[in-house]
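Asker: Here's the letter readout for the chains.
Protein chains: 4
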Amino acid sequence: MTKIIKKIGVLTSGGDAPGMNAAIRSVVRTCAYHDIECVGIYRGYQGMIEGDFKEMGPRSVNNIVNKGGTILKSARSKDFITPEGRQKAHQNLIDAGINALVVIGGDGTFTGAEIFNHEFGYPVMGIPGTIDNDIFGTTHTLGFDTALNTVVEAIDKIRDTASSHNRLFFVEVMGRDAGHIALNAGIGAGAEEILIPEENLGLERLLESLQRSKASGKSSSIVVVSEGDKIGKNVFELKEYVEENLPEYDVRVSVLGHMQRGGAPSCFDRVLASRLGVKAVESLLEGKSNYMVGLQQDRVVLTPLEQAIKGSSRIDEELLRVSEIMTT
Amino acid sequence: MTKIIKKIGVLTSGGDAPGMNAAIRSVVRTCAYHDIECVGIYRGYQGMIEGDFKEMGPRSVNNIVNKGGTILKSARSKDFITPEGRQKAHQNLIDAGINALVVIGGDGTFTGAEIFNHEFGYPVMGIPGTIDNDIFGTTHTLGFDTALNTVVEAIDKIRDTASSHNRLFFVEVMGRDAGHIALNAGIGAGAEEILIPEENLGLERLLESLQRSKASGKSSSIVVVSEGDKIGKNVFELKEYVEENLPEYDVRVSVLGHMQRGGAPSCFDRVLASRLGVKAVESLLEGKSNYMVGLQQDRVVLTPLEQAIKGSSRIDEELLRVSEIMTT
Amino acid sequence: MTKIIKKIGVLTSGGDAPGMNAAIRSVVRTCAYHDIECVGIYRGYQGMIEGDFKEMGPRSVNNIVNKGGTILKSARSKDFITPEGRQKAHQNLIDAGINALVVIGGDGTFTGAEIFNHEFGYPVMGIPGTIDNDIFGTTHTLGFDTALNTVVEAIDKIRDTASSHNRLFFVEVMGRDAGHIALNAGIGAGAEEILIPEENLGLERLLESLQRSKASGKSSSIVVVSEGDKIGKNVFELKEYVEENLPEYDVRVSVLGHMQRGGAPSCFDRVLASRLGVKAVESLLEGKSNYMVGLQQDRVVLTPLEQAIKGSSRIDEELLRVSEIMTT
Amino acid sequence: MTKIIKKIGVLTSGGDAPGMNAAIRSVVRTCAYHDIECVGIYRGYQGMIEGDFKEMGPRSVNNIVNKGGTILKSARSKDFITPEGRQKAHQNLIDAGINALVVIGGDGTFTGAEIFNHEFGYPVMGIPGTIDNDIFGTTHTLGFDTALNTVVEAIDKIRDTASSHNRLFFVEVMGRDAGHIALNAGIGAGAEEILIPEENLGLERLLESLQRSKASGKSSSIVVVSEGDKIGKNVFELKEYVEENLPEYDVRVSVLGHMQRGGAPSCFDRVLASRLGVKAVESLLEGKSNYMVGLQQDRVVLTPLEQAIKGSSRIDEELLRVSEIMTT
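Residue numbers (the UniProt record's numbering), protein chains in the order written: chain G, 1 to 328; chain W, 1 to 328; chain B, 1 to 328; chain Z, 1 to 328.
Keep in mind that the hints were calculated from the coordinates and are not lab data. Owing to the predicted nature of the structure, the values given are computational and were not obtained by experimental measurement. Do not take every clue at face value.
The list makes no distinction among identical chains, and a pair is therefore deemed to hold if it is satisfied within one copy or across any two copies.
With a Cα cut of at most 30 Å, we get these calculated DSSO-like pairs of lysine-lysine [unchecked claim]:
1. Lys310 <-> Lys78
2. Lys7 <-> Lys218
3. Lys78 <-> Lys288
4. Lys214 <-> Lys78
5. Lys230 <-> Lys54
6. Lys218 <-> Lys6
7. Lys7 <-> Lys78
8. Lys288 <-> Lys233
9. Lys214 <-> Lys88
Model the full assembly from the supplied sequences, consistent with the hints where possible.
Answerer: Put into structure tokens, the structure is as follows:
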């Protein structure tokens, strides 16, 4: 028999992403809407082990929908990897009367939740929050849309100076395993070339492309490079390589770094977070467990956590083609 | 027999929207990619009648992907409503060797293209560009996502002052016939109430909601109102009505106005514009005509122009529900 | 004999302005630096009467330097106008052991402080916080620089749509008694004409200017109008007047409104707030009272509150001339 | 006898800065206002040598007041270092009927102009344009204010993620020889420590400061480092050093890089550019030469180019003190 859920815990874990606060707010308010209690768990699984809890009512999430980061903080927990750690965490939840858990984060976060569910039969629901958009089962993760806007705004600025000096810029963006940020922001920023982990076009093709770009009359160039790119050289080595082989180019490097993780979320991410939070709580109340809520074909749907963890989010072939045509 | 297309004309018409320049750029570059000529037509159908044309190569659209407005300008054309005007326009296209047309705009733009196609059997393809998102056959029109971000950023600022003074603000946003901007931006901005044309909740429900909000401890309130709202009062009358009935509220009004139409497009709108431009040109080259290219279930698809014009874009029931829960 | 100051109260009053939180933070941290206690007083003078106080240490102002609005809230107090109200406020300060007061606001705020000082000999120091920049004794009030950026960003967006349609826009900006926002933002936004309270150029000159602008080949026009402009017509009447007299113009109106008061403060305002807060506290500790701290010739200086209230901040003749030349 | 000036040339040189376009616009429009011709010289001194000139009327600078970069492009010219190069440049100016020159840039730009004036008695006037604010004779260079806003906005985003993870960030900002950006943006962004070239506080003081900060309850820290800092370690080495000595800190690095040079100029920079352009042209028309126009005590004043080059812009002692107090 399914135990009736009267109190839900919510936590954020892993790298933070814009929209996490909007998701927390949505979880809290959906609980209130259904007359369920809600408890915020600080610092992810570590706070679960340490019992770092706080009751949250609808007013405790006022004015956070537009804030970057996560008011519940995030942390990596070594203790949660151990059975003892998880045992402690489970006991804390029981002691606090918390019947179910909403976890907001990425792959690692979901893996933790899945094991926890497996060991204790504890109801869990995942919300995908990471700027990398590398989660199977959702077309958009929380923070991805905001990060794209942050990146194109930064490249728009870099282009000002690139154009003024007829320079070539290598701009490194986040995405260790997935080129979603690089591909989308590269198209959006009008990059002349985009290097992503999923496609190794080779160094020669890059040189050819840059030569063609120069010949076609372009006076400046932006190459967007995913940090996980497999071309075999990082942005600084790429700079050296191009300067050796195409001495007519004045090359600069810019690594956008952690600012990509912050900032006020875009409207898209705020609305998505609100939708996912509602679905996560209501799915738990319907007795479902061990799923991730996500967006597919514009609808909010459930994907088993196990699939979300094992599957991989593919680069869209159509986008690759659009990218190629745009750099004509 | 389908005439082979060697030169495509592109124009923008109706209200401008962020992303139109990115779409122009995509049309021009896709033509270049397929070794087709491309001609920019200034000031919409009026420029077509006046023969205000300009050859466009891939370099003529450098550095416009991030610009608001439309470099081809837009205008409403009274002459195009007359058969003589359209006859003149058709002759100008033939004289210039232009074989097909991509029109970027909204309902009115598509209606013009549809009639033109009907009268002359001329190949046309539409790209939906309007911030209102009120076009059937696409989940997103160009400019909608950007406008949402503009609105939530403005409301974030208004909330600063609303919170500092414990005030109630009525914020009017664009959307004469459709509440998409109000509903999405209202959720995104954490509005306490959202008034849209599709749903007339009545004035009493508004008062009740505001009283409940005050009672629940909220110190400030934002009510987002679509300009086409059917509640029977404009924002200024709403202010008076609330001040009379809830004298404890200090009420202010803000009409966001035309700034919603401008600004650098969001990454989403730039990528969407790039995708739609590719599809529009390639569909023409495949011999298709009289369609609108749009986004459905994350895929670029074709909808007959006639359907796009007659159909209406519905408000999402799920979003309405999310909105209700978020204002708990 | 001057009483030794051990505890300072800080409040914000009147219209809120970006930078007020940075100033609160600076007052709190400067107190901590000098081992003085600091108390936040909520809702301005009203909170002083109601004893709505809160102890503030250096950590209680973490992460507010970049927030718009005021965490201490602001309110207009009718009770403080009465001697009884002020008596009550004074008693509350004494009971709480508060020896001196820093008030952040505009003319009205300073007038209250001046009377309070006069009646009770109570040490007060003012920090000018208002977006209007209409305070004598400082070249910049807190929030002015931020508001200018907000206005030019909004007009940049409006210009996108103005240029796309060859339109004329009247844009109303804040400034009931002073044209500082209109003049500076008008120059910054490249306005074709600027109407301010300090100069009534007359309607005929406006028509002439618009005709000259059209003749010179400008395809769109922005006219920035201060809300307190003395030309005798508000922006909506101006629109009608121009449409009647210059029917070739397609005219639109945009009232920017309260968003001008909000938003994250500019770096300039944050630094200025930090400087003024230090000076305000240290001046009180030096035994000074009844002054406003302000910026003159890039230095932080003191002006007697009485002068700050009575004096008026003049429009710069050089700027008027620059404005005229820029609209050539 | 002073030759009457009928045509003025304008160029940008050295690193580009936001506001350069607004200054070009001001020079062009001030020339038009005085019925003087104006010629744009592309790519700085190199374009002067190559005769890369273009006539500019008031309409040719429409819609650039808000654009980053420089429409006249910039370049470093090796040829201009040689007497032959400068001879060629001089002859080109004479051939084109250009009587005087306005150069926009930094130290190197002014040095070139000064030598040119010295050799040929040619009238020159300098406008300080560089984000570094390292020019003697002006409190603000063009682009400085904009760069500060860009930096604080980026750090605001980084703080979101720093706070969510209780991390320490080293953020490197521009300023090879001058700490103006680091000091102002550091105060504006609420940095816990600021490292600038003008002050070597030593590594031990940094460790102490960080320990004190942790002890005081701060959960995250931002250290802003000027790229020209003299502490003896770059940001990556600083990260290692702190991790070795304060293992409780999770340290990250962010190098903001070239995006600091771009972006739409702030209102302050646009207004300043407009004022400096007017003064530069009118000073030439009054027969003055070999000066830099700049801002001192809020007034536009002239400084002999020689002094501007030799002098150095000092860090403000008051600001250093404010910085120290704010990090309490």
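Asker: Taking the earlier hints as the rules, which of them does this structure contradict?
Answerer: 5 and 8
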